[in-house]
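Chemist: Residue numbers (this note's numbering), protein chains in the order written: chain A, 110 to 572; chain B, 110 to 572.
One or more hints might be untrue.
Pairs involving identical chains hold if they fit within one copy or between any two copies, as the list cannot separate such chains.
Lysine-lysine pairs mimicking PhoX-like chemistry, simulated, CA-CA at most 25 Å apart [what the hints assert, rightly or not]: (1) Lys520 x Lys189; (2) Lys128 x Lys118; (3) Lys189 x Lys365; (4) Lys148 x Lys333; (5) Lys365 x Lys118; (6) Lys243 x Lys159; (7) Lys189 x Lys118; (8) Lys189 x Lys238.
These aren't lab readings, by the way, just hints derived from the structure by calculation.
There are 2 protein chains.
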Amino acid sequence: MKNNSIPYKIYLTEDEMPKSWYNVKARMKNKHAPFVNPKTQKPCTKDDLKSVFCDECIEQELNDTDEFIEIPQGIRDFYKMFRPSPLVRAYFLERLLDTPAQIYYKFEGNNTSGSHKLNSAAAQAYYAKKQGLKSITTETGAGQWGTALAMAAAFYGLNLDVYMVKVSAEQKPHRREVIRTYGANVIPSPSDTTNAGRKILAEFPGTGGSLGCAISEAVEKATKTESCRYVLGSVLDHVLLHQTVIGQESKIAMDKYGITPDVIIGCCGGGSNFGGLIAPFMGERLCGKNNIEFIGVEPASCPSLTKGKFAYDYCDSARTTPMAKMYTLGCGFMPSPSHAGGLRYHGMSPIISQLYRDGYIKAITAEQSAVFEAAVMFAKCEGILPAPESSHAIRAAIDTAVECKKTGEKKTVLFGLTGTGYFDMSAYKKYNDGAMSDVIPTDADLQKGFDTIPKCKVNEDIL
Amino acid sequence: MKNNSIPYKIYLTEDEMPKSWYNVKARMKNKHAPFVNPKTQKPCTKDDLKSVFCDECIEQELNDTDEFIEIPQGIRDFYKMFRPSPLVRAYFLERLLDTPAQIYYKFEGNNTSGSHKLNSAAAQAYYAKKQGLKSITTETGAGQWGTALAMAAAFYGLNLDVYMVKVSAEQKPHRREVIRTYGANVIPSPSDTTNAGRKILAEFPGTGGSLGCAISEAVEKATKTESCRYVLGSVLDHVLLHQTVIGQESKIAMDKYGITPDVIIGCCGGGSNFGGLIAPFMGERLCGKNNIEFIGVEPASCPSLTKGKFAYDYCDSARTTPMAKMYTLGCGFMPSPSHAGGLRYHGMSPIISQLYRDGYIKAITAEQSAVFEAAVMFAKCEGILPAPESSHAIRAAIDTAVECKKTGEKKTVLFGLTGTGYFDMSAYKKYNDGAMSDVIPTDADLQKGFDTIPKCKVNEDIL
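Generate coordinates for the entire structure from the input sequences, incorporating the hints supplied.
Modeler: In structure tokens:
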């Protein structure tokens, strides 16, 4: 039923904000396979991870029994700076589409990082500080994650080195400057501050760098510096856990107004925002309490769920991380350079991968021109200029609403609007100029990627 | 008294949002002097303005009797897209400063234009549509106003030509692209689409343009195109009126929580945001119902209130507009090119000018390195990266709070945080690099500006 008494934006009060994250693993009958240490080919122990990650993050990473994990007061205080985020009823979009569907979106872009990334940056910086560390390191490509972590490091009083892919640092000087303004040290990668960087520089003197190289540098710096750890922005279970504040807030707001979603849609890169959005709803689904359709949308040019292999693979192209059992295109897979819409990660969160494997999640792809068409339509009627990544979810929400118009179904749709596109205007320019082309990897392209999946003991039966 | 039960952010419900703008002129015993037609040297008639501005905006411009002017439902619907804006208690900043003062700010930057400009863009586009017009024109320098108007034009279905200062269009391609994404036509100025533009191009073939030239082009285009009008983003009374939604919301939120401000601070460029913030509080002040200190902060490099003349002057450097009685540095005054902090307007809203003349407003200046120091401090503790313009108000709020620490006074401070600085990172870079210098115009610089104030009949007694 069309319920027009619902406000355009629902903000929870600060008292209503969630006091715990939702650990969906506790409800999964099939837990995902353990991370594997590539050297031993055995499940990772805490000790394998301790030199790289903060202790509390490792605990959370390996916790698959506690359904609710308390958000410490120190993080909840920081969350109040930029949360609650609004749950928006897309009245203007509904009117434009003339659909019987009700469309809601949870908007995570109203903070300086411009995205949901700050939810996990806040938590990880807090735990680093609590552990008594002095500094943290990370890598960043486009810069959203680097900005989020710089904000969190400034708030908690930690030093931060951000290894920024050199070509990004040069092409996005403004992003770089935001990070610097928050007091972090931006090091264009490859750099001469690490062995990994020096090696690459010696081999390829003029290189613009890569995310893989930046990760290697950040990890090396963390492990070789006293009182320092490395921090990652997606894929891992504890990152997804922190992002469940998105789903928790959405669910509290919807419950408050008696709204029950039929479909929940999110864009899928590493999977942490989608996982965070759906987690509490999925928890109920796994107990048979709802029958929600969960849809992950990935770019046609980087289709890890829809065309990937379910295998053990490295989480990074530099092969420095433990191996995770996940849907992957191969850690060496690179989407076509003409792909502008973000979400270029080769793998997928092990939690999302397992839920997809078990049939709880549907995955679809969207081509980039259709994604930007949806983005521009959305910007004009709802006012928010969306990030290209988020616009994959917009595309699917619009398609669902248009389908409802044909069938007359009055579905309630919730999608995650993860961020704003203010720093993605060169991609928009391509679209506005009519110069955007769609790219779908051929079987040969895919095979090249699959060839980079490690051929090792744990993958013996798969490859 | 320190009241810690107040939430970090106060959002009004949609029902609580103001249904009228506040016309402070109705309460002013001394109305400001009328606009004067430079040709006749007589007060402007409605007919003088009709070919340039929308009818309803002219009515509002000349209305100094109705204290409340209803916000039409069609505008209130659009306001719901990006309003209410939050009234934020600056707990983190208070803690950092260790001050007994309570600091609040009204944050207007949570929309794609990144500023308060959208409040008036929405209203002016609505009235243009209601009048049956097909298109509107404007000029833009940095691009915030152009973006806001593009959003409003897209929402109401109007064509929009934005004359963007050529050098800005080239230096800020991303801003330009946001405007294009909203469907507006961006024309780098000077252009060959107007007589004014062609004349300048012929005289100065390689010129990067100026705001004055862009205004001339936009006005010419509007007056020579059927069913088209020109739209302005600051200075005029009706623009200030639309911005009173800021003050109205602030007052409703403060009244709801029993908060009574002792000091209200805003940055001053053209004066519309400051005027909009203070209007309803000033209305009470003018009836003797409060004793609030109102402080306007302007850059030391463009000190129109603190060092200007109270005289009739053109509202634009191209001398195309009517003349207004206001504090002015002369329509030919240009702040030093090393001034990075915005607020480079030569004059001041006639309403603000009159209130200042009558002693209801205090004006102070801030130097740009002190402004950026405050901006970075604020960004780190409150999370929001502020626009350089807004940071003038932050500077004064911090100084007031620090003074309270010395005196022990428990003042309640409200300031306007008009926007975000995402597109101002080159100015931040200058500050981060330690390359920012302060500039104060010398008496000779000021005199050069004063020499450009029109020597005409209405100014005879002044100059």
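Chemist: Next step is simple, just say for each hint if it's right about the structure.
Modeler: Hints and how they fare:
1. Lys520 x Lys189: between (32 Å within a copy, 24 Å between copies)
2. Lys128 x Lys118: Cα proximity of lysine 128 and lysine 118: in one copy and across copies (22 Å, 18 Å).
3. Lys189 x Lys365: Classified as both; 20 Å inside a copy, 20 Å across copies.
4. Lys148 x Lys333: within (20 Å within a copy, 76 Å between copies)
5. Lys365 x Lys118: both (13 Å within a copy, 20 Å between copies)
6. Lys243 x Lys159: within (16 Å within a copy, 65 Å between copies)
7. Lys189 x Lys118: both (18 Å within a copy, 8 Å between copies)
8. Lys189 x Lys238: Answer is within; shortest intra-copy Cα gap is 19 Å, inter-copy 40 Å.
In this structure, every one of the numbered hints holds.
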